[in-house]
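*Asks:* Chains as they are written, first to last, in our numbering: chain R, 1 to 292; chain H, 1 to 168.
Please keep in mind that the hints were generated in silico from the structure rather than gathered at the bench. Warning: the hint list may mix true and false statements.
What the hints assert, rightly or not - Under the rule of at most 35 Å between Cα atoms (straight-line distance), these lysine-lysine pairs were calculated in the DSBU-like manner:
1) R:Lys138 to H:Lys124
2) R:Lys34 to H:Lys149
3) R:Lys114 to H:Lys93
4) H:Lys149 to R:Lys99
5) H:Lys100 to H:Lys149
6) R:Lys108 to H:Lys164
To be verified - Which residues of chain R face chain H? A few of them, derived with a C-beta cut under 7 Å, are:
7) Gly47
8) Lys158
9) Ile199
Beta carbons are placed, not taken as given, at the ideal position from N, Cα and C, and that holds for glycine.
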Amino acid sequence: MEYAIFLGCNIPNRLPHIELAVRKILPEFDVELKDIDGFGCCPDPIGIQALSHEAWATIAARNIAVAEEQGLDILTLCMGCYESLKTINYEIKHDPKLKAMVNQNLSKIGKEIKGNIKVIGILELLYRDIGVDKISSKVIKPLSNLKVAAHYGCHALKPAYIIQFDDPSNPVSLDELINATGAKSMPYINKNLCCGTGISGIDEKSQLSMIREKFTQIIRTNLDCIVTLCPLCYIQLEMGQMLVNKTFGENIKIPVFHYAELLALAMGIEEKELGFKYHRVKVKPILEMLAI
Amino acid sequence: MVQQLSNEFRDEILAIAHVGPTLSYCYQCGTCSGGCPSFRFTGKFNPRKIIEDVLLGFKEELLNDPVIWLCCVCHECLEHCPQGVLVSELLMKIREIASKIGNIPQNFRIEVETLYNTGQINPKNPAIDRRRVQMGLKEAPSAPVEDYKKIIEITGLIKYMPEKKEAE
Numbered sequence: 001m002e003y004a005i006f007l008g009c010n011i012p013n014r015l016p017h018i019e020l021a022v023r024k025i026l027p028e029f030d031v032e033l034k035d036i037d038g039f040g041c042c043p044d045p046i047g048i049q050a051l052s053h054e055a056w057a058t059i060a061a062r063n064i065a066v067a068e069e070q071g072l073d074i075l076t077l078c079m080g081c082y083e084s085l086k087t088i089n090y091e092i093k094h095d096p097k098l099k100a101m102v103n104q105n106l107s108k109i110g111k112e113i114k115g116n117i118k119v120i121g122i123l124e125l126l127y128r129d130i131g132v133d134k135i136s137s138k139v140i141k142p143l144s145n146l147k148v149a150a151h152y153g154c155h156a157l158k159p160a161y162i163i164q165f166d167d168p169s170n171p172v173s174l175d176e177l178i179n180a181t182g183a184k185s186m187p188y189i190n191k192n193l194c195c196g197t198g199i200s201g202i203d204e205k206s207q208l209s210m211i212r213e214k215f216t217q218i219i220r221t222n223l224d225c226i227v228t229l230c231p232l233c234y235i236q237l238e239m240g241q242m243l244v245n246k247t248f249g250e251n252i253k254i255p256v257f258h259y260a261e262l263l264a265l266a267m268g269i270e271e272k273e274l275g276f277k278y279h280r281v282k283v284k285p286i287l288e289m290l291a292i
Numbered sequence: 001m002v003q004q005l006s007n008e009f010r011d012e013i014l015a016i017a018h019v020g021p022t023l024s025y026c027y028q029c030g031t032c033s034g035g036c037p038s039f040r041f042t043g044k045f046n047p048r049k050i051i052e053d054v055l056l057g058f059k060e061e062l063l064n065d066p067v068i069w070l071c072c073v074c075h076e077c078l079e080h081c082p083q084g085v086l087v088s089e090l091l092m093k094i095r096e097i098a099s100k101i102g103n104i105p106q107n108f109r110i111e112v113e114t115l116y117n118t119g120q121i122n123p124k125n126p127a128i129d130r131r132r133v134q135m136g137l138k139e140a141p142s143a144p145v146e147d148y149k150k151i152i153e154i155t156g157l158i159k160y161m162p163e164k165k166e167a168e
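In isolation and in its complexed conformation, chain R is listed as follows:
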């Protein structure tokens, strides 16, 4: 399996330890990641789309066109990029007028979208294309006794008519992937609650109340850590703990992992080879508990 890897901006420029873990695990499953030149912002499916669908579509189509020139499908790591690129790849196939308008704009920078590649996300790749069995087979240090709060991220699953993967109301993919590491994904109230990133710059207090509610339920259920695949959720759920503590006088410290980091540990990759020291909420208690 060979993909043009679409890093987005949050992972390479804020959370490179996530990229590090992804680049360590995927080659173990015969996934070849091609770094190609010419990608830029996806762009943001919340802000830019709301201001101008035409600009959003044109910029997203430009990124898809760059991969088409190389004849490669796109693998996105960020769920925001996933939503933007997958939606436009869908819309240009279903709306010839939109495709014509986008190509009219792209012709001014010497590009054209054809609509002949796929855009897939890392959750789809891990669960559907690699599969839980193959992942389990690479686990040499099962993360036994670790109780995990899975957080999918809205854009990993919705809108379902475009994403067409798993069930947005009762998803199972990330839970099964977590269980494949030997850890146990546990049910908790508000599991599907949004991280609120879409309003974090507009009504911060409400957004913090939203994640505070999520943290409260995770603590109440006595879970050890949060695991997600979306960098924006990761930022809200990790940095957000500090803001919640400051704003509401709480003392919440729930370690947050990207799934690739969790899997890397289970696959026996040394802790030193991963970027845990860059976590804002210290993960040491978890590493000690797992005796890694």
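Starting from the known structure of chain R, fit chain H onto it as the hints suggest.
*Replies:* This is chain H only, laid out in the frame that chain R set:
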């Protein structure tokens, strides 16, 4: 004050390809608001009410109201609407129309400016690039800024950059 109703506004939304026609199936059950995390935590953002405003034609009130920007875009409403109304996508279109009359949160204006200047929203920076190299990763890629400038100009997104103070 007597409110001005605008059937044209409803018709304008209905005419939007793919998304618009779903508006007419709304029977105001409120499932969208019931599952909306923003309604639950802001207490102000009410998608059912926004759809009602469109159906009844309260154009001016709705388009000038900053509350329309409190949607998290989680698409929970769209998934659960029993009538198949593409609620969150309709909200996106309403915000696009509101942008044209200047109802835009400042953080999104700044986003446009950053996108124009760097081709990214969280641009690469030297401190993280040093960290990347220490980790054994390559420096983060740069975006093709000139292409971004051109697209932002020709699509008109440029007019949403932060408002500059008038020159003295």
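*Asks:* Now look at each hint and say whether the structure bears it out.
*Replies:* To see whether the hints hold, each was checked on the structure:
About 34 Å separates the Cα atoms of Lys138 of chain R and Lys124 of chain H, which keeps this hinted pair within 35 Å; it holds. Distance check on the hinted pair: Lys34 of chain R and Lys149 of chain H sit about 26 Å apart at the alpha-carbon level, within 35 Å; holds. Our distance criterion of 35 Å between C-alpha atoms is met by Lys114 of chain R and Lys93 of chain H, whose separation comes to about 26 Å. Of the supplied pair hints, the one linking Lys149 of chain H and Lys99 of chain R holds, its CA atoms being roughly 21 Å apart against a limit of 35 Å.
Only pairs whose Cα atoms come within 35 Å are accepted, and Lys100 of chain H paired with Lys149 of chain H is accepted, the gap being roughly 20 Å. Of the pairs offered as hints, the one joining Lys108 of chain R and Lys164 of chain H holds, with about 28 Å between alpha carbons and a cut-off of 35 Å not exceeded. A least Cβ separation of about 4 Å between Gly47 of chain R and chain H falls short of the 7 Å threshold, and the interface hint therefore holds. Satisfaction of the interface hint for Lys158 of chain R is found here, the shortest Cβ-Cβ separation to chain H being roughly 4 Å, below the 7 Å cut-off.
The beta carbon of Ile199 of chain R comes within 5 Å of a beta carbon in chain H, closer than 7 Å, and the hint placing it at the interface holds.
Comparing the model with each numbered hint stated earlier shows that all of them hold.
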